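Undergrad: Sequence:
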Amino acid sequence: MITSLREKEIDIGIGLTEGWVAGLAGKQQAQKDPAEGGYKVVGHWVDTPLRWAIVTGREREDIQSVADLKDKRVGVSRLGSGSHIMSFVLAQQQGWQSDSLSTVPLGPFQALRNGVTGSDPAQPELPPNPTAEFFMWEHFTTKPYFHPTEEKPQPPLKKIGEIYTPWPSWMVVASTSTFSNVEVNGKLEQLLKFLDQGVKDFQADLPQVVQLLGTGELGCTYGEEDATEWLKDVRFTGEVRGVQRAIIEGVVDVLKVAGVIDTSMSNDEAVARVVGIHQ
1 MITSLREKEI
11 DIGIGLTEGW
21 VAGLAGKQQA
31 QKDPAEGGYK
41 VVGHWVDTPL
51 RWAIVTGRER
61 EDIQSVADLK
71 DKRVGVSRLG
81 SGSHIMSFVL
91 AQQQGWQSDS
101 LSTVPLGPFQ
111 ALRNGVTGSD
121 PAQPELPPNP
131 TAEFFMWEHF
141 TTKPYFHPTE
151 EKPQPPLKKI
161 GEIYTPWPSW
171 MVVASTSTFS
181 NVEVNGKLEQ
191 LLKFLDQGVK
201 DFQADLPQVV
211 QLLGTGELGC
221 TYGEEDATEW
231 LKDVRFTGEV
241 RGVQRAIIEG
251 VVDVLKVAGV
261 IDTSMSNDEA
271 VARVVGIHQ
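Heads up, the sequence shown is in full-length UniProt numbering, so the first residue is 1 and it goes up one at a time.
Since the hints were made in silico from the structure, they are not lab data. Values in this document were obtained by computation on a predicted structure and should not be read as measured data.
No more than 30 angstroms apart at the CA atoms, straight line, and that leaves these computed lysine-lysine pairs for DSSO-like:
(1) Lys-152 to Lys-232
(2) Lys-32 to Lys-187
(3) Lys-72 to Lys-27
(4) Lys-8 to Lys-187
(5) Lys-232 to Lys-158
(6) Lys-72 to Lys-152
(7) Lys-143 to Lys-158
(8) Lys-232 to Lys-159
(9) Lys-256 to Lys-8
(10) Lys-158 to Lys-70
(11) Lys-27 to Lys-8
(12) Lys-256 to Lys-159
(13) Lys-200 to Lys-187
Using the sequences and the accompanying hints, generate a full structural model.
TA: Below, the structure is given as structure tokens:
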């Protein structure tokens, strides 16, 4: 989405908070003029954190709990991604050194699953050869691969814990090419109000939402039980417009530990690069 915003393919994006912050204040972008960021964070979408499942291969008898992960290899989709950043959050929460986990970039979700099970789809006859001990991914997306069912009594993964982002998980950004001076742009203000109304409409008929989540029309497919549980966990914002400085600073601090943002960058500069509308 960041590329699409910068190439003027889209005008608005809703995505993970840490990704937006890294895209504007990360080491590579920090070498450029702030005006070249291409977008600004203009609002927040949910007030709740993202729930990540911590998983390993089902056959990994040596790994039964989060405590067994210290000094192990963590699979990530790419450096600087949410799955990478959360490994530092995990180390921080467990009281481990920030470099106690060895990072192994494996690629998207399927590659991560294969990495911890050690299976090679191209050569299924070969014995398992795991390239990572565990990875972290959004709970409900991962659940079909660790939760036994009648159809799949032996799923490939094993859940050993879960972790939440220490910040609200989804934020709204706007293209600075489309919306000049985002803080006082009438068209953007109108669009943000439409998003507010969309949230109200969404929450007005939650049974219908549960049904829609089962059809795939909303971009994901959840069974009734998972959809109901997800709706209990998530709290959409009452007013989309604006973002709190303290939230962005908290993300910046973790990204500095992760090596995504240079420690020499002040929080003032990072916030100035990231935030378009303060709350």
